[in-house]
Amino acid sequence: MATLATLKGLGRELRHNRVALGGFAITSFVLVAIVIGPSFSPYDPTLMDFTAILQPPSWAHPFGTNSFGIDVLTRVLYGARNSFMISFAGVSLGAIVGTLIGMTSAYMGKLFDAVAMRLVDLLFAFPIFVLALMLMLILGFGVQNVIVAIALVYIPNFARMARNTTMVVKSEPYVQAAQVMGQPRLRIMVREILPNIAAPLFVQFTVGLAFAIIIEAGLSFIGLGVQPPTPSLGVMMADGKDYFHRGPWVLTLTGLALMFAILGLNLLGDGLRDLLDPRLRRRSAA
Amino acid sequence: MWEESATSAAFCMAMVEKAAQVDKNTPLLSVRELLVRFKLGDGLAAALSRGPSYLKAVDEVSFDVGRGEVLGLVGESGSGKTTIGKAILRLYEPQSGSIVVNGVDITRMGDRALKHYRRDLQMVFQDPLSSLNPRHTVRTSLRTPLLLHKICPSSEVEQRIDEALTRAGLSPVFKPRYPHELSGGQLQRVAIARALTMSPGLVVADEPVSKLDVSVRAQILNLFKDLQAKFGISIIFITHDLRVARYLCHRIGVMYFGKLVEIASVEELFTAPKHPYTKALLGTLGAEGENLDGAQVAGEAFNPAADTTGCRYYARCPMRVDHCKTAHPPTETIKPGHDIACYEWRRS
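Just so you know, the protein sequences line up as chains A and B, in that order. Position 243 (the first sequence) corresponds to 240 in the working numbering; numbering is contiguous. Position 13 (the second sequence) corresponds to 319 in the working numbering; numbering is contiguous.
Here chain A stands alone, though its shape is the one from the complex (with noise of 0.2 Å):
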């Protein structure tokens, strides 16, 4: 119900920010493309064709074609589809574990906290791209590993995130009224504290999800992450380098895809931070 009404809203402030309209738009745009727009194409994302190598961007094939003879946006659109699929996995299971650690270290306090906090320091203290680097030289290689990898590299972020609001959200009277009435300390957490802290995680989520994309890209585009021939932007990248003098669209037009992505994730994740923050909100509506 609670969350009925918090999307109503922001449906209606939605119209009046136009960078979160705009992102809105560019990754419903993006969604639907990767949803439905695989089973519209009338080629095959793995299928090579050596009647059709390298073939300059057509009305026949808009994003030409690879080496293979491949179309390429239809890879693209595939490549997206997993990219996409990966980092949400990714992100997902960062944001849940980290959540959970970054609640249960503000509402435990004490030698839990101090361990957990500690940790996540650890992780922290790593570049973003070098821990990832350094998780699938530790995991090995495949789709199972980049998500895991993705899910470490999220779980401070999401873990202190947590932390810091639960600690402001605790000493708030209505958590003190539950805790009079009985409640247990699991429900409080779950019913009277996670609500109230979802906002920005929410836009962290999103945030999130562009850079795990980029992630997943990277760690492709080295041979780290997702093999070929499984389309993924980062695979895709690799292979229209090595022989980009030759077909330029390859590299350019998949690099312009993932751009295109990540820019519209961006946008929606900066404008929701300035929808669901009151302070911002009373500006922009005056």
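One should not assume that every hint holds.
Said to hold, decoys possible - In silico lysine to aspartate or glutamate, EDC-like type, Cα no more than 20 Å apart, as pairs:
1) A:LYS167 with B:ASP417
2) B:LYS531 with B:ASP417
3) A:LYS107 with B:GLU399
4) B:LYS517 with B:ASP433
5) B:LYS345 with A:ASP110
6) B:LYS536 with B:GLU375
7) B:LYS362 with B:GLU339
8) A:LYS167 with B:GLU399
9) B:LYS531 with B:GLU573
10) B:LYS362 with B:GLU382
11) B:LYS531 with B:GLU469
12) A:LYS107 with B:ASP417
13) B:LYS536 with B:GLU469
14) B:LYS481 with B:GLU462
15) B:LYS631 with B:GLU650
16) B:LYS456 with B:ASP426
17) B:LYS641 with B:GLU574
18) B:LYS536 with B:ASP426
19) B:LYS517 with A:GLU169
20) B:LYS345 with B:ASP433
21) A:LYS167 with B:ASP433
Said to hold, decoys possible - Output of the computed footprint for chain A on chain B, the stretches with three or more beta carbons under 8 Å from beta carbons of chain A:
22) 410 to 421
23) 427 to 433
24) 449 to 463
25) 619 to 625
What the hints assert, rightly or not - Label pairs and their computed distance ranges (CB to CB):
26) A:GLN141 with B:THR472: 54 to 60 Å
27) B:LEU420 with A:SER168: 18 to 24 Å
28) B:LEU420 with A:LEU108: 18 to 24 Å
29) B:VAL520 with A:SER168: 47 to 53 Å
30) A:ARG15 with B:VAL520: 42 to 48 Å
These are calculated hints, taken from the structure and not from any lab test. All figures in this text were calculated on a predicted structure; none of them were measured in a lab. Note that beta-carbon positions come from the ideal geometry of N, C-alpha and C, so glycine has one too.
Start from chain A and add chain B according to the hints.
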């Protein structure tokens, strides 16, 4: 699940038996030498200095609250009145002392055991907006305690919510509303309705009218008075406004920096105050008619973090003698129901 409800039923039975054994004359709540302290500063800096220092927010306070009695706690900001209220509800862990409700000591009780006594002790907070979860409707906020304590079968929940709202002077049409859609007075009514759904024996009301518009204060105060008379609940009414306390309370306790300096019936306190601080407070009521929050009580204040010996009121006291510097005066009963902590009360 079933097992849990079975044990809780057994627990309730035990409680009922225990309550039956308790004599009608024993107080509902007995607080004895309650001490609540907060750590000042934390982390490395505190560890490197002489170890953590503490602030005694409530310093060995004892009092009783009888059945159907309204006890007012008055004092300046920071005098520890809210801390006492929250410690009784176990929102703060007391360092020492005891809190006995209906003859059961709940001072060190664990969460699970405590749940059965929670029903009996409820709280109404100062800021009505933040005492209700902004993401829950009025209905959800009122339904939670009913279901949690299995107060009524789930088919009757809606009816109970309507009753609770009506009792608190609100129409049931407010059920689907969110807190931000209600006014301060309406929210405080919802908070009162929520506290009353559990039919508590004692309600701690922490400055429940100080954040409200003057125009609705009287309404909420009258609501407290009516409900108290109707259901015979005991109330600990925390306020810094002596006139509010005089209107609503049967007895008043005066707090000064963590110490209960004087406690007496309303008539006694207003006609024959003994403690110099109480007199100073009552003095502020006269001319300006303003309440006492702030610096109206002239003189240098006590520094709770530094001073540990001597009477808390020494620095401001007009009647101080050298003896007052040695230790805080013990509490004496000068008349039945009139306790005071002052060496020199006979001079006044």
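Status of the hints after comparison with the structure:
For the hint linking LYS167 (chain A) to ASP417 (chain B), the alpha-carbon distance of about 17 Å falls within 20 Å, and the restraint holds. A C-alpha spacing of about 32 Å is found between LYS531 (chain B) and ASP417 (chain B), which places the hinted pair above 20 Å, so the restraint is violated. Between the alpha carbons of LYS107 (chain A) and GLU399 (chain B) the distance comes to roughly 15 Å, so the proposed pair stays at or under 20 Å and holds. A C-alpha spacing of about 6 Å is found between LYS517 (chain B) and ASP433 (chain B), which places the hinted pair at or below 20 Å, so the restraint holds.
Proposed proximity of LYS345 (chain B) and ASP110 (chain A) is supported: the alpha carbons are some 18 Å apart, at most 20 Å. Of the supplied pair hints, the one linking LYS536 (chain B) and GLU375 (chain B) holds, its CA atoms being roughly 13 Å apart against a limit of 20 Å. Straight-line distance between C-alpha atoms of LYS362 (chain B) and GLU339 (chain B) comes to about 12 Å, which keeps the hinted pair within the 20 Å bound. For the suggested pair LYS167 (chain A) and GLU399 (chain B), the alpha carbons sit about 16 Å apart, so the restraint of at most 20 Å is met.
As the CA atoms of LYS531 (chain B) and GLU573 (chain B) are separated by approximately 18 Å, the hinted pair is consistent with the 20 Å bound. The suggested pairing of LYS362 (chain B) with GLU382 (chain B) holds, with an alpha-carbon distance near 16 Å, which does not exceed 20 Å. For the suggested pair LYS531 (chain B) and GLU469 (chain B), the alpha carbons sit about 18 Å apart, so the restraint of at most 20 Å is met. Pair hint LYS107 (chain A) plus ASP417 (chain B) holds up; C-alpha atoms about 18 Å apart against a cutoff of 20 Å.
As the CA atoms of LYS536 (chain B) and GLU469 (chain B) are separated by approximately 15 Å, the hinted pair is consistent with the 20 Å bound. As the CA atoms of LYS481 (chain B) and GLU462 (chain B) are separated by approximately 15 Å, the hinted pair is consistent with the 20 Å bound. A distance of roughly 13 Å separates the Cα atoms of LYS631 (chain B) and GLU650 (chain B); the hinted pair therefore holds under the 20 Å criterion. Our distance criterion of 20 Å between C-alpha atoms is met by LYS456 (chain B) and ASP426 (chain B), whose separation comes to about 14 Å.
For the given pair, LYS641 (chain B) sits about 10 Å from GLU574 (chain B) by alpha-carbon distance, which is consistent with the 20 Å threshold. For the proposed pair LYS536 (chain B) and ASP426 (chain B), the alpha carbon gap of about 17 Å is at most 20 Å, so the pair holds. With a C-alpha separation of about 16 Å, the suggested pair LYS517 (chain B) and GLU169 (chain A) falls inside the 20 Å cut-off, and the hint holds. For the hint pairing LYS345 (chain B) with ASP433 (chain B), the CA-to-CA distance comes to about 25 Å; that exceeds 20 Å, so the pair is violated.
Among the hinted pairs, LYS167 (chain A) with ASP433 (chain B) is consistent with the structure: their alpha-carbon atoms are about 16 Å apart, no more than 20 Å. Given a C-beta distance limit of less than 8 Å, the hint that chain A covers the stretch 410 to 421 of chain B holds, as 3 residues qualify and 3 suffice. Coverage of the stretch 427 to 433 of chain B by chain A holds [criterion: at least 3 residues with CB-CB distance below 8 Å; count 6]. Three residues within the 8 Å Cβ limit are the bar, and the stretch 449 to 463 of chain B against chain A gives 4, so the coverage statement holds.
Here's how the stretch 619 to 625 of chain B fares: 0 of its residues keep a CB closer than 8 Å to some CB of chain A, so the rule of at least three is not met and the hint is violated. For GLN141 (chain A) paired with THR472 (chain B), a C-beta distance near 58 Å keeps the hint of 54 to 60 Å intact. Remark: the range hint 18 to 24 Å for LEU420 (chain B) to SER168 (chain A) is upheld by a beta-carbon distance near 20 Å. Hint check: LEU420 (chain B) to LEU108 (chain A), Cβ distance near 23 Å, so the stated range 18 to 24 Å holds.
The beta-carbon spacing between VAL520 (chain B) and SER168 (chain A), approximately 28 Å, falls outside the hinted interval of 47 to 53 Å. Remark: the range hint 42 to 48 Å for ARG15 (chain A) to VAL520 (chain B) is upheld by a beta-carbon distance near 44 Å.
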